Amino acid sequence: MKKIYYLKTCDTCRRILKEMDTSTYILQEIKTEPITVQQLEELHKLTNSYEVLFSRRAKKYKEMDLKNQTLTEQDYRQLILDEYTFLKRPVIVNNTEVLVGNTKKLVSL
261 MKKIYYLKTC DTCRRILKEM DTSTYILQEI KTEPITVQQL EELHKLTNSY
311 EVLFSRRAKK YKEMDLKNQT LTEQDYRQLI LDEYTFLKRP VIVNNTEVLV
361 GNTKKLVSL
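Here the sequence shown stands for residues 261 to 369, where the numbers follow this note's numbering.
Rather than coming from a laboratory, the hints here were simulated on the basis of the structure.
On a predicted model such as this, the values are computed, not experimentally measured, just so you know.
Possibly wrong hints are sitting among the right ones.
Unchecked claim - Quick list of in silico lysine to aspartate or glutamate cross-link-like pairs, EDC-like style, CA-CA up to 16 Å:
#	residue 1	residue 2
1	319	343
2	262	357
3	278	289
4	263	281
5	262	302
6	305	357
7	268	289
8	263	357
9	327	311
10	305	333
11	263	311
12	319	342
13	263	302
14	262	281
15	322	343
16	263	289
As the list claims (entries may be wrong) - Pair by pair, the computed Cβ-Cβ distance ranges are:
#	residue 1	residue 2	range
17	329	357	27 to 33 Å
18	362	320	16 to 22 Å
19	333	355	21 to 27 Å
20	319	355	17 to 23 Å
21	331	362	17 to 23 Å
22	329	281	39 to 45 Å
23	323	357	29 to 35 Å
Don't be surprised by glycine CBs; every beta carbon is placed ideally from N, CA and C.
Produce the entire structure from the sequences given, and follow the hints as far as they go.
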């Protein structure tokens, strides 16, 4: 599967998508089409971590004072499902490879 989870209002997402050929990818805009439990589980299988998929840059992270809490993997999972802004983006799935966020570092092979 080749898929990209992104947010159309995110400058970083727009820049990365502009720089790559997305013609062979399925694009999913996470605000209008939120990530499903099944999709998140598939990403978890590839990364072995919900924390890797979790964005600490989201405004709600500070608003909810999550910095001062000890979060478990299940907490990260539920927060991502509850609020699209907690999914680090973009998430680029290229079959068995996953790129998470705006780094060029490969998360899982």
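Structure-based check of all given hints:
no.: 1; hint: 319 - 343; verdict: 11 Å, holds
no.: 2; hint: 262 - 357; verdict: 9 Å, holds
no.: 3; hint: 278 - 289; verdict: 15 Å, holds
no.: 4; hint: 263 - 281; verdict: 12 Å, holds
no.: 5; hint: 262 - 302; verdict: 12 Å, holds
no.: 6; hint: 305 - 357; verdict: 11 Å, holds
no.: 7; hint: 268 - 289; verdict: 7 Å, holds
no.: 8; hint: 263 - 357; verdict: 11 Å, holds
no.: 9; hint: 327 - 311; verdict: 13 Å, holds
no.: 10; hint: 305 - 333; verdict: 13 Å, holds
no.: 11; hint: 263 - 311; verdict: 20 Å, violated
no.: 12; hint: 319 - 342; verdict: 14 Å, holds
no.: 13; hint: 263 - 302; verdict: 12 Å, holds
no.: 14; hint: 262 - 281; verdict: 12 Å, holds
no.: 15; hint: 322 - 343; verdict: 14 Å, holds
no.: 16; hint: 263 - 289; verdict: 11 Å, holds
no.: 17; hint: 329 - 357: 27 to 33 Å; verdict: 32 Å, holds
no.: 18; hint: 362 - 320: 16 to 22 Å; verdict: 19 Å, holds
no.: 19; hint: 333 - 355: 21 to 27 Å; verdict: 24 Å, holds
no.: 20; hint: 319 - 355: 17 to 23 Å; verdict: 33 Å, violated
no.: 21; hint: 331 - 362: 17 to 23 Å; verdict: 22 Å, holds
no.: 22; hint: 329 - 281: 39 to 45 Å; verdict: 41 Å, holds
no.: 23; hint: 323 - 357: 29 to 35 Å; verdict: 33 Å, holds
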